[in-house]
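Chemist: Just so you know, the protein sequences line up as chains A and B, in that order.
Here the first sequence is numbered in full-length UniProt numbering, starting from 1 and rising by one per residue.
Here the second sequence is numbered in full-length UniProt numbering, starting from 1 and rising by one per residue.
Treat each hint with caution, since some may be false.
[As the list claims (entries may be wrong)] According to the in silico footprint, chain B covers these stretches of chain A (three or more CB under 8 angstroms from chain B):
no. : segment
1   : 254 to 264
2   : 301 to 310
[To be verified] Label-pair ranges, simulated between beta-carbon atoms:
no. : chain 1 : residue 1 : chain 2 : residue 2 : range
3   : B       : A456      : A       : L156      : 29 to 39 angstroms
4   : B       : Q396      : A       : I271      : 12 to 22 angstroms
5   : A       : L32       : B       : T362      : 22 to 32 angstroms
6   : B       : K219      : A       : L291      : 25 to 35 angstroms
7   : A       : V18       : B       : G318      : 46 to 56 angstroms
8   : B       : S147      : A       : A56       : 23 to 33 angstroms
Calculated directly from the structure, the hints in this document are not laboratory data.
Heads up, the beta-carbon is just placed ideally off N, CA and C, and yes, glycines get one too.
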Amino acid sequence: MSHRLRFIPGRLVQSIPVAFGVTLIVFLLAHLLPGNAAVALLGERATQESVAALTARLGLDEPLWRQYLLFLGQLVHGDLGTSLTYQLPVTQLVLEAIPVTLSLLLYALVLALAISVPLAALAAFRPGGARDLGVRGFTLLGQGMPQFWVGIMLILLLGVSLRAFPVGGYGDTALEHLYHLFLPAVTLAIAMSPTIIRSLRSSMISVLGSEYVGTAKMKGAAGVQLFRGHVLRNAAIPTVSIVGVNLGYLVGGSLVIERVFALPGLGSLMINSIFARDFPTIQGVTLFVALFVVVVGILTDVVYTLLDPRVDLSRTARA
Amino acid sequence: MRTRFGVVGALALTMALALGGCGAAGSDDSADAGGAPVKGGDLTMARSADIIAMDKTTTFDNNSIRVMEQIMEPLFHSSPDGTKLEPWLATGYTISDDQLTYTIPLRQDVTFSDGTPMTAADVKFSLDENTKTGASGWGFVNAAIDSVEATDDHTVTVKLKYPWAPLIADLSIFSNGVIPKDYGGKTAEEFYTAPVGTGPFVWSGWKKGQSLKLTANGKYWQKGKPYLSSVQWNVVPDANTRKLQVQGGQIDIDDTPDWSSLASLKAAGGVKAETYPSTQIDYVAFNQARAPFDDVHVRRAISYAIDRQSLVKAVLFGNGEVANSLLSPGTPYYDAKAGGLMFDVAKAKAELAQSSEPGGFTTTLLIASGNPNQASVAQIMQSELKDIGITMEIKQLDPTANKQARLASDFDMTLSAWTMDIPDPDQWTSFAVDPQGGSKSAFTSYDNPDVIALNAQAQKETDDAKRQALYTQLQQKTSEDAFLAYLYYSPYVYATTDAVQGFQVTPLGGYLLQDVSKKK
């Protein structure tokens, strides 16, 4: 580990109390909701005796503090408890859902960058020109459209009319995943790219006006070489932190998108478990999402540190 | 001992059909519609939620039940129109003169999907298993059963504690489905992770939260069936996505399209949107434990104030019927002239004037949030009640909390619905009118000794005409008491692609997938 990355273990340790705070808040919020899991599981036709019997069997008649302590006790042993709806370890459910959400987010990120970098460059090379105006129009539009609506429009066009992509589902093999995840990933990418384009565009403009780019130009650098070697690397630094923050938001966005596209990821698991008052699963998923946001924060700092030699977070952390 | 081949006369005919190997009428329909059914093909169905579990004795949700029904079969089966009972794994039954002993001969050509023959011992085990779940499961449907004995390999004798007319209907419920004795040597828990039965399909695999797959049972007793190689249920919570998937041909059946999307689905090429009569009745429940709903005039006033025709138009987009009885048309002994209170503003005002609140009052209606149908009903009711001087606030709780509030009778008025699981009115009437039925009369605290007595008499009456008379009286009296305001009968609706043939839904909500085939 480079000495500049020594901040990582410290940050990981710091995230433990954050995670516990999250579990406490989620635990209390979930239990404050009216309605219990036994009722959700049994439905209309169940008698009051059967609801009472199931409540007792699920341990939901225990005092709240006992339930929380039990949860913490299990957590320390790496056990997130048993899902009330599926009667399976929550860890297993979460581990099955993570690859779906993670691949969706990564796919969306790759697509967002593929859309954003060329568009930002197009806009930045002649600010105020027709191309710039066009790109800025796109960012306005992209920000204004609700994600679920974009998703449905894409489904209508590419899924139903052209039948080029499946409408929802996840598929069985890696190739199928890639195929099935395309529309939801594009939807998320469209939501994500306006912020990236704006940030990249403005920093590219300032980089293009800087002395070192002028120097590079005089030395004969031009086109792709100039862009990659001098402009993009320097302009990317502020964008990295924006992407990091956005990934956190995207987890929220993926809740909606996973529902629209019927993807069996963390978002769907979360929504289903909230409706079923499946407390252990709600807690487990939230814990993982919280940890994910923490890890993305750390990764963002890592990339930031690697891109800009002047940044040393281990030093600032100590100061 | 007198012999009986059916709850109603027509049973003899249907039994003859089943014995002749023709199976249920649904298959004949499919043959009529598009030639002989094609063998093979994989059917994919999308629905809003996953199954919960396969334990037939303790699982209450319909999504799970619809899957169980393809794997485990009962002794008797509801006819396609839901009003009669057909022999299924049984070949008929006889009742002793004291009406306390039912002798049930079984089919001799039935094997479980693992190849072992089905015997009376398996049937005894299966019925006892259900009875044992008692209060925590579906055991209550077997409450009248005293004992079940395997007389010989192919005959079962059921002894009752008291005469009980709905017995054959009770034996047709999925929770009395037949499974191998002693779970085939497994524990109950092991068995229900991959249940084995005599049904047309075999458990294949479950990706939780994602999809569930069954494959054809090669040893199925109805020769030549099932036609399909496999059936898969995908979990697609969003109604719009399901609609688009069936339009895009990615799935074959969307199990609950929105009423609002029906017209556009019907107009879309390659898709059929069909409605099937159901036993569903949607109603307003009045909490009689709270004033002023203990006053029959208040309840009648509200019942008269509701324009049901406009609800059918606004909520069901015209697909459905105004409700005029406690029972639905798909339920045996339904009486179309039961006298349910219909829209009449003058009568509503007159009833309110006679009531304990002649000047009107303020109250609440509990609905489930995120349910567009209930929201429409509530808004229409709100303006209609305002016309007669009642201010009604709409109280929304999310589905689980809403359910709990209703179970605890924590409401003034609430919207709810009921569907039947057996082709006998007793399941619903006992739940709805008998405060001892475990639910305080559908959580309303309605308590009319005359009606309770009628219900108890109907339970013991095996003579069809007499039973009809009792249920007619029960429907009339409950209409007068207006303990519920009946709203509408809503059909089931399914959207399928043109390739799907022979798909039929009974009024009980079940479907027989052995009769379904897919055009190539």
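Chemist: All hints are to be evaluated individually against the structure, with a verdict given for each.
Modeler: Cross-check of the supplied hints:
1. 254 to 264: holds (count 5)
2. 301 to 310: violated (count 0)
3. B:A456 - A:L156: 29 to 39 angstroms: violated (57 angstroms)
4. B:Q396 - A:I271: 12 to 22 angstroms: holds (18 angstroms)
5. A:L32 - B:T362: 22 to 32 angstroms: Since L32 of chain A and T362 of chain B have Cβ atoms about 28 angstroms apart, the given range 22 to 32 angstroms holds.
6. B:K219 - A:L291: 25 to 35 angstroms: violated (50 angstroms)
7. A:V18 - B:G318: 46 to 56 angstroms: holds (55 angstroms)
8. B:S147 - A:A56: 23 to 33 angstroms: holds (30 angstroms)
Consistency with the previously given hints fails for numbers 2, 3, 6, ordered from lowest to highest.
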